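Protein sequences, first through last, are from chains A and B.
When we follow the numbering used here, the leftmost residue of the first sequence carries the number 1, and every step to the right adds one.
When we follow the numbering used here, the leftmost residue of the second sequence carries the number 1001, and every step to the right adds one.
Because the hints were derived from the structure by calculation, they are not lab data.
A couple of the hints might just be wrong.
[Said to hold, decoys possible] Covered stretches of chain B (chain A as the covering partner; in silico rule of three or more C-beta atoms under 8 Å from a C-beta of chain A):
(1) 1008-1018
(2) 1022-1029
(3) 1086-1098
Quick caveat, the model's predicted, so the values are computed rather than measured.
Even for Gly, the Cβ is constructed at its ideal location relative to N, Cα and C.
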Amino acid sequence: MNAIQQLGAWTLGSVARWGRAAIFLFQTLASCAWVVRRIDLLMQQIFSVGVLTLLIILVSGLFVGMVLGLQGYNTLVDFGAETSLGMVVALTLTRELGPVLTALLFAGRAGSALTAEIGLMKATEQLAAMEMMAVDPINRVVAPRFLAGVIAMPLLAAMFAGVGVFGGYLVGVSLLGVDAGVYWSGMQEGVDLYADILNGVIKSVVFGFVVAWIAVFEGYDATPTSEGVSRATTRTVVNASLSILALDFILTSLMFK
Amino acid sequence: MKNKGILEFWVGLFVVAGVVALGVLAFKVAGFSGGEFTQTYKITARFGNVGGLSTKAPVNLAGVRIGRVTAIRIDPDHYNAVVEMSIDSRYDNLPMDTSASILTQGLLGSQFVGLNPGGDEIHLEDGDEVMLTQSAVVLEQLISQMLFSKAEGGE
């Protein structure tokens, strides 16, 4: 009896949470028009969400590209197909690793910070104080952060892929001696602007949307205690990462038939 | 206010870097060869079969890359393929009787055009055609030829 009651409470709780998340998303989207009039707030958020995430993205991109170059070369050279190295590196980065790894890093680096910041604002009753002064916290606090995440993600993913291709070049061409012309021409032959690069950009926009949504919602919905904020931050990283990986499979199966 | 200017500068730089990265992906990764040879001249060659040759494939002379394939099209009158190549202008003294053949890097690697210089005094100019050509070796045809000749020999 007790177990069934608990199951019912859990179900009602999660449905209510989903509903709050959806309503919250609509409110945030409606507030995005307001943000256009306060570009300075958006600027500040793009700085903290985008520019400060840049270093980890660039360093990871370089190393992922170098590893791809090394592993790809070692595998391909057995088949005498090391001329396809450029194509392998570029396709892997633009289709999958660029958007997915950037989104995972973004959720860890920027998403957790967003949740903690908004959650702490709630715990210290700053959001309530704003409402008292007739300032809508969704306009003022949530929407700029959400929009900044959506804008920053595709730019970060593009930089990740670009640096990764350069990392593959460093290892494949400079270190292992694949011809530079073959590296680039194989890449240009195999990568299509619309099928590969545009789909990669679409993926990164979707991931940015989802990560930013989860991050600001978890912060806004956090239990206003120190424990609640820490739980919300953990949930952001876990839920965002799982959503990215699940969505990536769905998007990939829709995009690349 | 000074602080705000620095912040806007960094955000601007971030957006520029992102757009540049997208541009690199579009142009450098997905195609659009800027070309590493600054000055080139074009020559053409006719082949009965280009095999798996593609545009941007290298053109080699004695194993050294001196140009790239820029276009492959069909000559509708003669039913053969016309391959257009741009050659680095530093090598503008290729003899008129140079021969071109489509070769493969390794056994199953990508294909390229190999040039074999002749001994003519006249040099190839922009727009000239290489007369002596050798088509790509199609592996399947080679194998089937071998099998058929084996079968005939066995009778």
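Results for each hint:
1. Judged by the Cβ-Cβ criterion of 8 Å, the segment 1008-1018 of chain B is covered by chain A as claimed, because 8 of its residues qualify and three suffice.
2. Counting residues of the segment 1022-1029 of chain B whose CB lies closer than 8 Å to any CB of chain A gives 6, so the stated coverage by that chain holds, three being the minimum.
3. Chain A is given as covering the segment 1086-1098 of chain B, and this is violated because 0 residues of the stretch bring a CB closer than 8 Å to a CB of that chain, at least three being needed.
Hint check: a violation occurs at hint 3 only; the rest are consistent with the structure.
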